[in-house]
Amino acid sequence: MKVFVTVGTTKFDAMIKSLDRLFNQKPYSHYEVLFQIADGEYIPKSNNYVAMLSNIEEVYQEHDLVITHAGAGSIFRLLELRKKIIIIPNVDRIDTHQTDIAKYMGDHQHALICNDLLALSKQISLSSTFKYVPYLKESFFKADEIADFIIN
Amino acid sequence: MYSNKSVLLCFGEGGHTAQMNRLVSKLIEPLSSFDLVSISDIKNKPNWSTRHIVTGELRGKHKHSDILFNNGPFKIIKSIRSAIKNNNFQAMISTGPGIAIIAALLFKVYGIKIVHVETWSRFTTKSLTGRVMYLLADRFYVQHKSLLSIYPKAIYAGVL
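Line by line, the protein sequences give chains H and C. First residue of the first sequence? That's 0 in numbering that gives the first Met the number 0, and the numbers climb one at a time after it. First residue of the second sequence? That's 0 in numbering that gives the first Met the number 0, and the numbers climb one at a time after it.
Hint data in this document are derived by calculation from the structure and do not stem from the laboratory. A portion of the hints provided could be inaccurate.
Here are the simulated distance ranges between beta carbons [what the hints assert, rightly or not]:
hint : chain 1 : residue 1 : chain 2 : residue 2 : range
1    : H       : Ala118    : C       : Lys77     : 33 to 39 Å
2    : C       : Ile27     : H       : Ser28     : 50 to 56 Å
3    : C       : Met0      : H       : Glu57     : 45 to 51 Å
4    : H       : Lys25     : C       : Leu134    : 18 to 24 Å
5    : C       : Lys4      : H       : Pro133    : 40 to 46 Å
6    : C       : Tyr155    : H       : Val49     : 46 to 52 Å
7    : H       : Asp115    : C       : Lys77     : 42 to 48 Å
8    : H       : Glu31     : C       : Lys107    : 26 to 32 Å
When the alpha-carbon atoms are kept at most 20 Å apart in a straight line, the in silico DMTMM-like pairs for lysine to aspartate or glutamate are as follows [to be verified]:
hint : chain 1 : residue 1 : chain 2 : residue 2
9    : H       : Lys141    : C       : Glu28
10   : H       : Lys121    : H       : Glu57
11   : C       : Lys112    : H       : Asp63
12   : C       : Lys125    : H       : Glu56
13   : H       : Lys10     : C       : Glu12
14   : C       : Lys144    : H       : Asp38
15   : C       : Lys152    : H       : Asp63
16   : C       : Lys25     : H       : Asp106
17   : H       : Lys141    : H       : Asp106
18   : C       : Lys112    : H       : Glu137
19   : H       : Lys1      : H       : Asp38
20   : C       : Lys144    : H       : Glu56
21   : H       : Lys10     : C       : Glu28
22   : C       : Lys4      : C       : Asp40
23   : C       : Lys4      : H       : Glu31
24   : H       : Lys1      : H       : Glu40
25   : H       : Lys136    : H       : Asp115
26   : C       : Lys25     : H       : Glu137
27   : C       : Lys125    : C       : Asp137
28   : C       : Lys4      : H       : Asp38
29   : C       : Lys4      : H       : Asp106
30   : C       : Lys25     : H       : Glu144
Even for Gly, the Cβ is constructed at its ideal location relative to N, Cα and C.
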């Protein structure tokens, strides 16, 4: 089982720390995990880690499960690639947008959500049998309208 | 003073930058005769930008009290006012976050068109920026249909 853990551009040490502790335990010894931690101060001990990746698309493809912060850019791309994902909203941030998108994706079964870092092991075992509903994205179609409004 | 017609593109770091880059890639052709002036808290000038202005952000990501203890808002007002004087702006377009509010308030005073594209990370709740920009913008676009029930006058545009 190959798992990729990603925080995007903003550090999220609480998530990295909880997952590192979990993956350090015996039942997860056959898991191959890569942590992407941005400018995080907590350094994972259980597995390999990187700060940032330039080839993140390839890395997504190489892993069976992606555990991600609730950044919209990461989520939309992962769902487009039809990846199995667990979303962990970063509640350390003062704005609530990560809770909003996570709740929407969870309510519509596009992803598994984990609001409680203590419940991570349950969500990880659920991910292998969970019936993910594909997220269908409609691409932006109002650019010409915006340009006309500005020009005229 | 730059005499060519221009548009102010206003955006913050992270996802807001990604959304602006995608939006500009679709606008660059129809707006080819315009100067694209960018304003952001990111230091690097985007490759599509004619001129780039760096500002602070309105609040930090981790503390509410930041807004009270920094002079960010005043610096932003100053830099946007001087940008308005030095450019022939026809409009501003923003993808958030808070910096857009200050730019929009000033653009409103000068009677210049305001377009806001609400962030792609909201589906069912209002962002602080969205709440205010809904009142200020001449055109307010949303990227998810689920937002039309809380922003009835918004225009659905699809996802960037």
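A quick look at each hint next to the structure:
no.	hint	verdict
1	Ala118/H / Lys77/C: 33 to 39 Å	violated (48 Å)
2	Ile27/C / Ser28/H: 50 to 56 Å	holds (51 Å)
3	Met0/C / Glu57/H: 45 to 51 Å	holds (48 Å)
4	Lys25/H / Leu134/C: 18 to 24 Å	violated (56 Å)
5	Lys4/C / Pro133/H: 40 to 46 Å	holds (43 Å)
6	Tyr155/C / Val49/H: 46 to 52 Å	violated (38 Å)
7	Asp115/H / Lys77/C: 42 to 48 Å	holds (45 Å)
8	Glu31/H / Lys107/C: 26 to 32 Å	violated (54 Å)
9	Lys141/H / Glu28/C	holds (14 Å)
10	Lys121/H / Glu57/H	violated (27 Å)
11	Lys112/C / Asp63/H	violated (47 Å)
12	Lys125/C / Glu56/H	violated (31 Å)
13	Lys10/H / Glu12/C	holds (14 Å)
14	Lys144/C / Asp38/H	violated (35 Å)
15	Lys152/C / Asp63/H	violated (42 Å)
16	Lys25/C / Asp106/H	violated (32 Å)
17	Lys141/H / Asp106/H	violated (28 Å)
18	Lys112/C / Glu137/H	violated (27 Å)
19	Lys1/H / Asp38/H	violated (23 Å)
20	Lys144/C / Glu56/H	violated (28 Å)
21	Lys10/H / Glu28/C	violated (36 Å)
22	Lys4/C / Asp40/C	violated (24 Å)
23	Lys4/C / Glu31/H	violated (55 Å)
24	Lys1/H / Glu40/H	violated (24 Å)
25	Lys136/H / Asp115/H	violated (28 Å)
26	Lys25/C / Glu137/H	holds (15 Å)
27	Lys125/C / Asp137/C	holds (18 Å)
28	Lys4/C / Asp38/H	violated (40 Å)
29	Lys4/C / Asp106/H	violated (46 Å)
30	Lys25/C / Glu144/H	holds (11 Å)
Of the numbered hints given earlier, the model fails hints 1, 4, 6, 8, 10, 11, 12, 14, 15, 16, 17, 18, 19, 20, 21, 22, 23, 24, 25, 28, 29; all others are met.
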